[in-house]
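Fit chains B, C, D and E to the given chain A structure using the hints.
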Amino acid sequence: MIDISSLTTNDKMIFLACDQGMEHGPEDFNETNINPDFIFQTAIKSGLNAVIVGKGIAEKYYPEYRQEIPLIIKLNGHSRFNKPNGWGPLICEVEEAIALGAAAVGYTIHLGSLIEAEMFQNFGRVVREAHALGVPAIAWVYPRGPEIPNPQDPNMVAYAARVAMELGADIAKVYNPGSVGALRWAQMSAGKTRVVISGGDKVTPEAYEEEVRDIMRAGLAGIAVGRNVWQSEDPLAVCNGLKEIIYKGAY
Amino acid sequence: MIDISSLTTNDKMIFLACDQGMEHGPEDFNETNINPDFIFQTAIKSGLNAVIVGKGIAEKYYPEYRQEIPLIIKLNGHSRFNKPNGWGPLICEVEEAIALGAAAVGYTIHLGSLIEAEMFQNFGRVVREAHALGVPAIAWVYPRGPEIPNPQDPNMVAYAARVAMELGADIAKVYNPGSVGALRWAQMSAGKTRVVISGGDKVTPEAYEEEVRDIMRAGLAGIAVGRNVWQSEDPLAVCNGLKEIIYKGAY
Amino acid sequence: MIDISSLTTNDKMIFLACDQGMEHGPEDFNETNINPDFIFQTAIKSGLNAVIVGKGIAEKYYPEYRQEIPLIIKLNGHSRFNKPNGWGPLICEVEEAIALGAAAVGYTIHLGSLIEAEMFQNFGRVVREAHALGVPAIAWVYPRGPEIPNPQDPNMVAYAARVAMELGADIAKVYNPGSVGALRWAQMSAGKTRVVISGGDKVTPEAYEEEVRDIMRAGLAGIAVGRNVWQSEDPLAVCNGLKEIIYKGAY
Amino acid sequence: MIDISSLTTNDKMIFLACDQGMEHGPEDFNETNINPDFIFQTAIKSGLNAVIVGKGIAEKYYPEYRQEIPLIIKLNGHSRFNKPNGWGPLICEVEEAIALGAAAVGYTIHLGSLIEAEMFQNFGRVVREAHALGVPAIAWVYPRGPEIPNPQDPNMVAYAARVAMELGADIAKVYNPGSVGALRWAQMSAGKTRVVISGGDKVTPEAYEEEVRDIMRAGLAGIAVGRNVWQSEDPLAVCNGLKEIIYKGAY
Amino acid sequence: MIDISSLTTNDKMIFLACDQGMEHGPEDFNETNINPDFIFQTAIKSGLNAVIVGKGIAEKYYPEYRQEIPLIIKLNGHSRFNKPNGWGPLICEVEEAIALGAAAVGYTIHLGSLIEAEMFQNFGRVVREAHALGVPAIAWVYPRGPEIPNPQDPNMVAYAARVAMELGADIAKVYNPGSVGALRWAQMSAGKTRVVISGGDKVTPEAYEEEVRDIMRAGLAGIAVGRNVWQSEDPLAVCNGLKEIIYKGAY
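Residue numbers (the working numbering), protein chains in the order written: chain A, 1 to 251; chain B, 1 to 251; chain C, 1 to 251; chain D, 1 to 251; chain E, 1 to 251.
Bound conformation, chain A alone (with noise of 0.2 Å):
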């Protein structure tokens, strides 16, 4: 077994992530949350597990906070046109994402989609890359595709979170699937590849920490979190109450 304990505070994981700069536009953010500083800085102040982001911003961003916070680098991306097949093929490879200096390595896969096989072989690559230099794999694994009318349906989360599991993912990064009997069995599906929710779509913060309160119970491993932190108005308070339910077990 891959060792992820660098990336986890008793054995849970906050992941703040920051990839809508490429998957939907600048639309998505303001003068201060555009500039990728901010992101790291909140995640450092937060003392959250680690940050993830694309290669470009790794480069240009993350050297001056090498030492006070893991990196993930997400390997692959897509813009948000030609739904649903437009793909993420491999912009990042593994040995570079570690040599910009990555702790754990991440990939998206559109479960369903028509490039699913290519997604997986690729997937399957970096798993074999990974894995011989000891760094764990995460695998975002979303599905997508004309015979998957609601990719958050419980059974449908759950075949992703296996899925992950099937091609070897360390962590498998899925859609919260609504309740709590639905986010216990995702994680009973992947067994021992720990299962951590997508934070989606921005709402309160008390609205987002009754969802967490829900994972937390259902037993996974915690959250990646993006705009739920920093679209709000005090990230900080947002990732305090976080630590909270997800570190210290007030579910």
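Read the hints as simulated data drawn from the structure, not as lab findings.
Bear in mind that the values here come from a model prediction, so they are computed numbers and not experimental data.
Where hints are given, some of them may not hold.
Identical copies go unnamed one by one, so any copy, or any two together, can satisfy a pair.
Here are the simulated DSS-like pairs of lysine-lysine, each with C-alpha atoms no more than 30 Å apart in a straight line [stated by the list, open to error]:
hint, residue 1, residue 2
1, K60, K192
2, K60, K248
3, K248, K45
4, K202, K83
5, K248, K83
6, K248, K202
7, K45, K202
8, K83, K12
Below, chains B, C, D and E alone, put in the same frame as chain A:
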């Protein structure tokens, strides 16, 4: 000839397969058999010849069972979506599988599908690399496509078995063609390549034993069974019945 | 020039081919000739120049015949489905074929098909690798496609023979164009590349001998025959007749 | 951070680009400027920061100018046909460009097109290879596709600039979004990646200077100009005007 | 600059080309010129600058002519079927061509076709590999596609010549645009890349000489001629006439 004796008992084979987590989804499982440990333990307690899983399960679960039962890694896989042309490129490489402890490698080929050519080419490489290391290569040959209304037609199954041999497989895994005569012709078509029959959908243990008696009467090598063991109420009892027929010739 | 003399008798060639197990299916066979041993033994007893098979048969059956008859391995293959664009990428590599004991390698090219470009490129590589090792390369050039209503048209067969030479083949295997004049022009178009004619569907031994006399009158190198020998009632007798015509000039 | 100071004057940039021979055709040229020597000499006499050309012009023309002005080689290119999906794979490799004397390499990305994925992947490799050798990588990011009615929309240009940064570019070359506010937001979105604006169609020198003043007021790095210099009646005079604005801050 | 002087007489070029066996078929030939020896002997007796053939003819026929005339190998080729998108990937590699004795390598590019991108990329590699070994690279640039009603339009021919130069070609082979002015502009567009004109369909020797006088008046490098020499009644006489015009300036 590659030596496959470590995968046999009395020159016959019973493999316990579990790839439904990838190929169908967790709906096939319950809270007991969703855990890959259960699959390994069932096969070990029953004294079967090998377990067939993908590399994710192999890497995270097989190490503690390494001395107790041989491992076969299925190198490709795909989800249940986008049939019939969703296909499975190599997710795990031959060397990688061997490093994970595999005693043999397997690969699925959809004979008659639009990506048959790539699958033939991929399996040709699997054979080349596995045989260079003295490791057996197993082909699952499943006819699939618009020109194939009935994949279990006796001519189609014999064709599948022959294609496996022509591509260099040491063992061929094919569908049950339904009669002793058809089973015999499938094995004759495959020549020196040993033929095992896929387990198929779950039926009653008695019905399954009837199928297996015919398989052995026809002179085949054995079976690769999945749900008919681990979805049953008493997997160990089911396996005992199969062992009588397959290893001890009770047919 | 690559030396092909080990594949000839009196500078002429009779090759016994058996790839129908892959390209058509076991329905072409009976309980005797489904066994590749029968193919090898027929060719050896008849003193033919070589057997042409795929790598699966070569690996499992050829070792015991290694000292008795040269082997030609057909490097690509495809099933009978999805014509006309089902095609055959390399299943066996040149070095692999030589390690399996091949004295020459063969590859099928569908001149005029939609994947002609990839086939040209593949065969270009086959020639490059085979010639670097002093091994002859044989091109089966079969015209196939919407612009080709009659693959056996004399102009089409001469084109096929010329393309084989242009791509670097040492021997070209083409369809029978039907007359001595057309056969002569095919060989002239191929120049220093030796032309052999494909056996085609099964006809009576007498009808086949008539075809073969014309082939030799036209000055070609010989034949690659399959079903007209191993589907016949008395393969050895058929071969004796062919040898008289081809090696001894009885035409 | 890769050092780009050799491409700047007072931390600003004016690049003279000439790829229309490939991307539009010789109809854009006259008997004077069809000769690449004219392009190099204009840039050298004007004291600009670099010339941007493809590898053909670089190899045949740059050697005599090697000591006099830096060279940027554009690694991909395509003709004017088959828009919008005609695209440009790598024609020149990074190491090859450096051997030809390039101080930086550039690559065009059509954000939003059907081959965006391959372009992202290609540019990811360009960055990896260039940065390993300490060489800057420039992304020309041009939005193009059915979902993009206006490539110069301010949100689209900011997205293009951000994507360049996310992919690892040191300099981003984007379209003019039309206002100082939009230009500022594009540079903010790109963060530490320096943004230069593409020259566009030929307009009067006065009109072009107005555009350039806004570009500099917005705090961008500079411009990549083509036809507005070498299609003008007095290229040196046009360059002097641009230098006043860009190097000396006359806006 | 790569040295091409070994391919010239008085700095001019006459190449004898024979690829119609692959690109059209043997119907273009008679019993004399179907034999590649005739092509080589014609070129040698006439004292031309080089013969252009594919690798099959080069390997089997060129060795005895190695000391007598330079060889140019055309690296790609395709049949006459499936136009306009049948295309020619590399059948012969650069190193392979040089080992076969080639003094230069050539590659066809269909400017404007749907596979233009792959052809640009392939030729970019051909240039890279050939120039690394000091060997000239020749681009045949033939406009082809739905946006190109007239491949011989003067603007199209000048575009073809310019694209050859932009891709790194040392010599460009293009269609005849029909007037001295258009020929001059094509050569100007190509700059330091030498332009030769393709021979085209067979016309009378007198008509062909008229075309060639215009080509030389326009200042081009020379011609690549095929059927107008080897389909003529007296190839040596035709060549003498061409030499007067091209080497001796009789226009």
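Status of the hints after comparison with the structure:
Proximity of K60 and K192 under a CA criterion of 30 Å is satisfied inter-copy only: 7 Å between copies versus 35 Å inside one chain copy. Taking the closest pair of Cα atoms, K60 and K248 come within 30 Å of each other only across two copies (28 Å); inside a single copy the shortest separation is 34 Å, beyond that limit. Within a single copy, K248 and K45 get their C-alpha atoms as close as 18 Å, which meets the 30 Å cut-off; across copies the closest is 41 Å, which misses it. For the homomeric pair K202 and K83, the shortest alpha-carbon distance inside one copy (21 Å) is at most 30 Å, but the shortest distance between copies (36 Å) is not.
In this assembly of identical chains, K248 and K83 lie within 30 Å of each other by CA distance neither inside one copy nor across copies; the values are 40 Å within and 46 Å between. In this assembly of identical chains, the alpha carbons of K248 and K202 lie at most 30 Å apart only when taken from the same copy (24 Å versus 45 Å across copies). When the C-alpha separation of K45 and K202 is checked against a cutoff of 30 Å, the pair qualifies only within one copy, where the shortest distance is 21 Å, while the shortest distance between copies is 51 Å. In this homomeric assembly, K83 and K12 never come within 30 Å of each other (Cα to Cα): the closest approach is 33 Å inside a single copy and 38 Å across copies.
Taken one by one, the earlier hints fail for this structure at numbers 5 and 8, listed in ascending order.
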